[in-house]
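With these hints in hand, go ahead and build the complete structure from the sequences.
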Amino acid sequence: MVKQKKNLEETANELEPIAVEKATCEDHVRPMLEEIKKSDGVIGYILRNTTSATIDINDPTKVIDYAILSSSTFEASEQLTEMFDLGKLRNITVEGKDAKTVHLNIDENSISIFMEKTVDTKKILEEMDAL
Amino acid sequence: MRSENMENDVYSFVLRNTLTEITNACPDIQNIFLFKEDGDIISGEEKAQEEAAVHTVNALDEVLEKTKALGGMENMSLEGTKGTVNVSRLNDFYLVTVVPKNSDLKYVNVFTNVLLPTVLNLLDKIAPALNRNNQSETENEEAQVRPAIEPNEESTEETVEKQEHETTEAGPEKILPEPQVNQFIVENVGGLFASSDTVRIDADTLSQWTELYEDKKIEEATVETFGGKSVRCKLKPLKNAKLEGKGIIQIPEKIQQTLDVRKGELVRVKPVIE
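Line by line, the protein sequences give chains A and B. Residue numbers for the first sequence follow my numbering, so the first one is 1 and each next one is one higher. Residue numbers for the second sequence follow my numbering, so the first one is 132 and each next one is one higher.
Hints in this document: simulated from the structure, not taken from any laboratory. One should not assume that every hint holds.
[What the hints assert, rightly or not] To give an idea of the interface, some chain A residues facing chain B are shown, with a C-beta separation under 7 angstroms as derived from the structure:
hint	residue
1	Val-63
2	Gln-79
3	Met-83
The C-beta atom is built at its ideal place from N, Cα and C for all residues, glycine as well.
Put into structure tokens, the structure is as follows:
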């Protein structure tokens, strides 16, 4: 019985930090994205995980296009990462003629940030890396 | 994928060699290839490279389509812990390079961002005809749409000769070229005996078409407006010699009404080959 109790305690101890870390990550990602969205030239973001998705895009007419672009970019990146043995995905930047995007994974969150071409993507990535 | 079709092209041969030389000069590059949105691929000579290129194009297909939301893709960079894939637009092509982590990107970029675009531009300048061979069907169709008024008659002859040459090359089964599309300016038809279902164009264009389509009798044409309306009608040469060579098409009033066009407007005319 004593041994069993110890095991339970161990399990609880093992789970606790993970749960805390998860909560911390979720707590931090969204406020960070909201903060980034306030920056000049940032059009919006899409935050997705296994259970929910948050879309905050300035132009509502672009929401569907951006959402599809985000998911197809992540899908393509999975295939390319595996094919060329690129290791763990760090980030993807896609630059168009009018705008650009940055995509990255933080834990189980897939994040896409849309911005005007003038915005410094490195700075955005650095801010996200700080999480 | 039509990578095989491009293999024999001089244009793709030059680019393929350029890619090979870039790889030789820059061993950091794990993979490099060019592709067009329509699926044409120019990759290295190794089979594995070509297979990787085909899979990459398939993977990027939807992204390229959806990047129109950003105004069309110019550059894409996918960074992993062990390497990076970069996709950048060069004229009509997309250049894909795969480099490992810690590779000298500045050195790689000298080749990919400077040398390759220079080769592409040079090829376009010194051999535009070669490039034309690689154009997609849509582009070919667009290229065929040209005004009936040709200031330089030589170019018309050149096109006709080229198309004839292509037909000859097609092998024992003679394949007729796609119907040539010409633009004409609408003119009214005068006279009491003007047929209401016949349009008239200059005899020269008619004889060019007849020549081009191996002496097939061309009796009908499709007249199409830029608004998308089209009518198939009988075709005859102009009666009035003064209108010859001016790129004019005489269209009866009834057909003008159907097409919703008026005198002075442009229409596209394509011979009906049967």
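Now the hints, each set against the structure:
1. This hint is violated: A/Val-63 has a C-beta 10 angstroms from the nearest C-beta of chain B, more than the 7 angstroms allowed.
2. Checking A/Gln-79 against chain B by beta carbon gives a least distance of about 4 angstroms; that is within 7 angstroms, so the hint holds.
3. Here the hint on A/Met-83 is kept, as its CB sits about 6 angstroms from the closest CB of chain B, short of 7 angstroms.
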